[in-house]
Amino acid sequence: MDQGTAVAAQLVMAAGLLGIGWWGRRRAHELVPPGREGDEEREHRVAVLRRGALTCQLVGLLFVGATFAALV
Numbered sequence: 001m002d003q004g005t006a007v008a009a010q011l012v013m014a015a016g017l018l019g020i021g022w023w024g025r026r027r028a029h030e031l032v033p034p035g036r037e038g039d040e041e042r043e044h045r046v047a048v049l050r051r052g053a054l055t056c057q058l059v060g061l062l063f064v065g066a067t068f069a070a071l072v
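For the sequence shown, position 60 matches number 60 in the working numbering, and the numbering has no gaps at all.
Derived by calculation from the structure, the hints in this document are not laboratory data. Quantities reported herein were computed from a predicted structural model and do not represent experimental measurements. Careful, some of the hints might be misleading.
[Unchecked claim] Here are the in silico distance ranges between beta carbons for each label pair:
#1 Gly19 to Val46: 39 to 49 Å
#2 Val46 to Gln3: 36 to 46 Å
#3 Gly4 to Thr55: 25 to 35 Å
#4 Gly65 to Arg25: 12 to 22 Å
#5 Gln3 to Glu30: 34 to 44 Å
#6 Ala69 to Gly19: 15 to 25 Å
#7 Glu30 to Ala6: 49 to 59 Å
Just so it is clear, CB atoms sit at the ideal spot from N, CA and C, and this is done for glycine as well.
Taking the hints into account, I'd like the entire structure generated from these sequences.
What follows is the structure in structure tokens.
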């Protein structure tokens with residue numbers, strides 16, 4: 001695999017992770033199904049999903065950083 005292909009693959013991964021993180025943070029409240037749990041448990045699950053989405057965004061930014069580091 002040449003350097004151009006590797007850079008393109010890293011940028012695609014970064015875009016995917018950033019997109020999933022953005023989508024997850026915006027839609028976390030909709031992704032938690034209504035259930036018999038109390039409101040406190042539901043809000044906890046929403047917070048967990050938002051943290052996971054933020055982690056996806058951070059890993060996406062790491063991919064962007066690794067891509068630029070590979071180019072230098």
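Checked hints:
1. Gly19 to Val46: 39 to 49 Å: Violated, since glycine 19 and valine 46 (Cβ atoms, about 20 Å apart) do not stay within the stated range.
2. Val46 to Gln3: 36 to 46 Å: Holds - the Cβ-Cβ distance for valine 46 and glutamine 3, about 41 Å, lies within 36 to 46 Å.
3. Gly4 to Thr55: 25 to 35 Å: holds (29 Å)
4. Gly65 to Arg25: 12 to 22 Å: Since the Cβ atoms of glycine 65 and arginine 25 sit about 20 Å apart, the hinted range of 12 to 22 Å holds.
5. Gln3 to Glu30: 34 to 44 Å: holds (41 Å)
6. Ala69 to Gly19: 15 to 25 Å: The hinted range 15 to 25 Å holds for alanine 69 and glycine 19, with Cβ atoms some 22 Å apart.
7. Glu30 to Ala6: 49 to 59 Å: violated (36 Å)
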